[in-house]
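Student: Take a look at the letters that make up each chain.
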Amino acid sequence: MRDVSIIGVGQTKVGEHWDRGLADLAVEATLAGLDDAGLDNADILYVGNMLGGVLSGQEHLGALIADLAGLRGMPALRVEAADASGGVALHQAYQAVAGGMVDTALVVGVEKMTDRLPQATEEGLMLAGLGDYEAAQGVTYVSQTAMLMQRYLHEHSLEVGDFAQFPVNAHRNAAANPFAMYRNQISEKAYRQAKMIASPINLLDGAPWADGAAAVVLVPTEQAQAMGRQGIRILASTLVTDALSLTERDDPLALAAARASAQRAYQQAGLTPGDIHLAELHDAFSILAALTLEACGFAARGQGVKLGQAGDIARAGRIPIATLGGFKARGNPVGASGVYQAVEIVQQLRGAAGQSQIPAARVGLAQNLGGNGATAVTHIFMN
Amino acid sequence: MPMELARNWRLRRQRLSLEGAQCAACGHLVFPTRPVCPKCRSRQLQPYRFSGRGEVYSFSTVYEPPAGFEGYAPYTVAQVRLAEGPLVTAQLTDVDADSVYIGMKVEMVTRKLFEDGENGLLVYGYKFRPPVMAPTNGHVSADVLAHTEPQHEAQAPVLVAN
Amino acid sequence: MKPNRPVGIVGYGAYVPRFRIKAAEIARVWGAGEGGLPIEEKAVSGLDEDVISMSIEAARNALRRAQIDPQEIGAVWVGSESHPYAVKPSSTLVAEAIEATPLVSAADWQFACKAGTEAMQAAFGYIGSGMVHYALAIGADTAQGRPGDALEYTTGAGAAAFILGPGEESLAVLEESLSYVTDTPDFFRRPYMHYPEHGNRFTGDPAYFHHSVTAGQKLLEQLGRTAKDYTWAVFHQPNVKFPSKAAQMLGFSPEQIAPGLLVGQIGNTYAGASPIGLTATLDVAQPGDRIFMVSFGSGAGSDALSLQVTDAIVERRKRAAPTLAYVKRREEVDYATYARLRGKLQMA
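Residue numbers (this note's numbering), protein chains in the order written: chain W, 1 to 383; chain X, 1 to 162; chain U, 1 to 348.
Just chain W, with the same shape it has in the complex (with noise of 0.2 Å):
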């Protein structure tokens, strides 16, 4: 196995890019990557998305990209994980560079949600879920993680405003980062007053659908440090599976894959939770946030939310998330969010987050999630 560094990170805004489709999004960050890592061609690219055929009626994403970036010949592949996607395509790359096949891997994530209604968005979703069984019953992608929410309100005698600091957090971040898509701060009080979705997810409690590119260029470590390169090292890339439906799972508040993904990161970083100085996780909604510090062992089961309450996940706490927004605040374009979060650690890493920087962060974890935690990947990365 070789050691493995990011050398070249691009994202495009994420946002309501109506006068853009998904391969123009998909290929500016292309070329941002290849151009921030002074390169002008690579051996492999991964795309990762999950909607494209849903929503922008195309499939086959990996030619069609390397073709419109001026890559045409490259192998070229779509990765599809649900809004794990992006995760996945960039544990693949890693796998790839590190096992000796390929030198220069090029991930791209992208996702165009908003040529569609709303209400097609929700039927494109719900397909991360069991089609036969749950998207035949209309229970949406927002639903399923609100009963995980309702669930976890129960057992653990909480209540919804207990949540509103992951919000506020991620929005509170967001200020700084010129490519989220809420850069406006929200208060606990309208958190609190939000109309619902899906009870008890309400509109600020989840992150708003959104268009988005991010791409990453990796290497080997010691290749990097012969171009004289900052490279970014991949300390851990772990990917785990679970049952697809929450129902057919132990115990759905466990996020199991998501325990187990982290744990085989810590084991393969060797490190612990404790050496982690900033995490992107999962949190596209505020449950996600709680149960996904729970399982990368930030927190103990039911303490999650505690952690937003006394603001150790605030930019100065003990373990900060959303650094530069999270899900919440950055926007979600499903299959491309693994890979912002790759991008925004890289910058975190760099010392190039600007507002949002992070003092003296040297190991950063993301976690990305397909379907409620039935595809887990966990990385874990060190400048």
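If you're looking for bench data, these hints aren't it; they were derived computationally from the structure.
Accuracy of the hints is not assured; some may be wrong.
Ranges between beta-carbon positions, derived for each pair [unchecked claim]:
| hint | chain 1 | residue 1 | chain 2 | residue 2 | range |
| --- | --- | --- | --- | --- | --- |
| 1 | X | Arg49 | W | Glu155 | 23 to 33 Å |
| 2 | U | Pro3 | X | Ala25 | 45 to 55 Å |
| 3 | W | Gly53 | X | Pro38 | 25 to 35 Å |
| 4 | U | Val87 | X | Pro130 | 50 to 60 Å |
| 5 | W | His156 | X | Arg49 | 31 to 41 Å |
| 6 | X | Ala25 | U | Glu332 | 49 to 59 Å |
| 7 | X | Pro131 | W | Gly99 | 56 to 66 Å |
| 8 | W | Gln95 | U | Gly343 | 46 to 56 Å |
| 9 | U | Glu315 | W | Gly53 | 50 to 60 Å |
SDA-like, lysine to any residue: derived pairs with alpha carbons at most 20 Å apart [claimed, not checked]:
| hint | chain 1 | residue 1 | chain 2 | residue 2 |
| --- | --- | --- | --- | --- |
| 10 | X | Lys112 | W | Gly131 |
| 11 | X | Lys39 | W | Arg249 |
| 12 | X | Lys39 | W | Thr241 |
| 13 | U | Lys344 | X | Tyr72 |
| 14 | U | Lys318 | X | Pro131 |
| 15 | X | Lys112 | U | Pro84 |
| 16 | W | Lys189 | W | Gly228 |
| 17 | W | Lys13 | W | Gln357 |
Glycine residues also receive a C-beta, built at the ideal position from the N, C-alpha and C atoms.
Mind docking chains X and U on chain W? Use the hints.
Tutor: Same frame as chain W, but now just chains X and U:
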């Protein structure tokens, strides 16, 4: 939209009879059925009919429905812990959203799940609702049997038979 | 008419949706109601309910009472004038849901409001001839009435199911039945029309009363009985007044028809109307009681049936929810919600 025809037909036992499976090797129960036992990896799973009795494990009321469900919103979905053990995800029906709670007893009924478009198939399947009558114990309450007086006084200008 | 071998009802079950709208609320919107309303309130089906779903629940209740293997059911017949499909059977889906398939005869009946009892009569013949051991006959409707029309005050929703079988297994044995049929078109619905047309007061004397009362008289004559020989009576009930008056014309007292007169609370459930009246009556009948029943369907005539309750009623009726459990389960809605539930809002 004939795309739903074969799938709906294929799933009729699961949707109409809440048929899951039991592992012949270890006895583990699953819903829906699957080819390999998740506990012991035996491939010997037999069809198993669930009673349809259970209680709400968790729930959510959907205000932003997906395409095809716009006409039903808001509606409440739930994870139901079946009496035999497994959890099943389904809509609740015949219940007000604000009266649902974790632990609420429910029973399976067959309802229309959705229409496959204006001229497509009507898809039926299981939903859950508060029991109309407590599990059969041979007792029917006097209140239920007490008859409400019909309105003998009523008269309308025009009465129409059919 | 009756078969050579004794036949009867082995199990029965009802279903009524939980929504109710008051006739006064309909009158509030349409400015009618001078001189009284035909019923107090009516049952309204939910967005996920139709004749198929209601029939399935009624049939499951009947099965709970009968406690037979559904595979032994030889025929599944659903009578309704609001089958969800114009072409595609309701009965096959009901049979599948109760697991009576595949060795089973199934058919949908459309015979105005008499489709339910017509299915029962035919089932008695199937069983009496030995063609099948058990048959399931269902009357169900989500009744249609044009907004603002006199019909709208009464059109309800509900279903009743009967598992019919050999007399020795029955909780009520068929004593005699007859059908009285003429072509008297007082009420009909053409294809592609949402709502039926009707002849207003023509639906009364020449239609409802003539057929119901004549059928009833002829059955009493055949049996050499009078109304006093019966404990209970059930009539088709398009409103409260018609069955009350028909009963009076045949000599039945208000007490005899009381348990089976539910139209005031659930409305006219069309093919389900007299069958639901029968399930409610069976819920209170005692062994030995005789039940007199007359159905009516517009342009379809009347069926009259005479039943005698057996000892089996006592245990079997406890095994499923009684009809009144559904009648008393109610959630009142206003006209706007009712219009939404019944698809009366033009969406495109």
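Student: Each of the hints needs a verdict: does it hold here or not?
Tutor: Status of the hints after comparison with the structure:
1. Taken as a hint, the range 23 to 33 Å holds for the pair Arg49 of chain X and Glu155 of chain W, whose Cβ atoms sit roughly 31 Å apart.
2. Roughly 51 Å separates the CB atoms of Pro3 of chain U and Ala25 of chain X, a value that falls within the hinted 45 to 55 Å.
3. Taking the beta carbon of each, Gly53 of chain W and Pro38 of chain X are about 29 Å apart, inside 25 to 35 Å as hinted.
4. Look at Val87 of chain U against Pro130 of chain X: about 36 Å separates their beta carbons, and that is not inside 50 to 60 Å.
5. Checked against the hint of 31 to 41 Å, the pair His156 of chain W and Arg49 of chain X passes, with Cβ atoms roughly 36 Å apart.
6. A C-beta distance of roughly 53 Å is found between Ala25 of chain X and Glu332 of chain U, which places it inside the suggested range of 49 to 59 Å.
7. The given range of 56 to 66 Å is respected by Pro131 of chain X and Gly99 of chain W, whose C-beta atoms sit roughly 57 Å from each other.
8. Our hint of 46 to 56 Å for Gln95 of chain W and Gly343 of chain U holds, since their Cβ atoms are close to 55 Å apart.
9. A hinted range of 50 to 60 Å for the beta carbons of Glu315 of chain U and Gly53 of chain W is consistent with their spacing of about 58 Å.
10. For a cut-off of 20 Å, the pair hint linking Lys112 of chain X to Gly131 of chain W stands: about 17 Å separates their Cα positions.
11. Restraint check: the Cα-Cα separation between Lys39 of chain X and Arg249 of chain W comes to about 11 Å, which is no more than 20 Å; the hinted pair holds.
12. For the hint linking Lys39 of chain X to Thr241 of chain W, the alpha-carbon distance of about 16 Å falls within 20 Å, and the restraint holds.
13. Between Lys344 of chain U and Tyr72 of chain X the alpha-carbon distance is near 15 Å, which keeps this suggested pair within the 20 Å criterion.
14. Note on Lys318 of chain U and Pro131 of chain X: the hinted pairing holds, with a Cα-Cα distance of about 15 Å set against a maximum of 20 Å.
15. Using a Cα cut-off of 20 Å, the hinted pair Lys112 of chain X and Pro84 of chain U holds, with the two alpha carbons roughly 11 Å apart.
16. For the given pair, Lys189 of chain W sits about 50 Å from Gly228 of chain W by alpha-carbon distance, which is inconsistent with the 20 Å threshold.
17. For the given pair, Lys13 of chain W sits about 19 Å from Gln357 of chain W by alpha-carbon distance, which is consistent with the 20 Å threshold.
Consistency note: the structure conflicts with the earlier hints numbered 4, 16.
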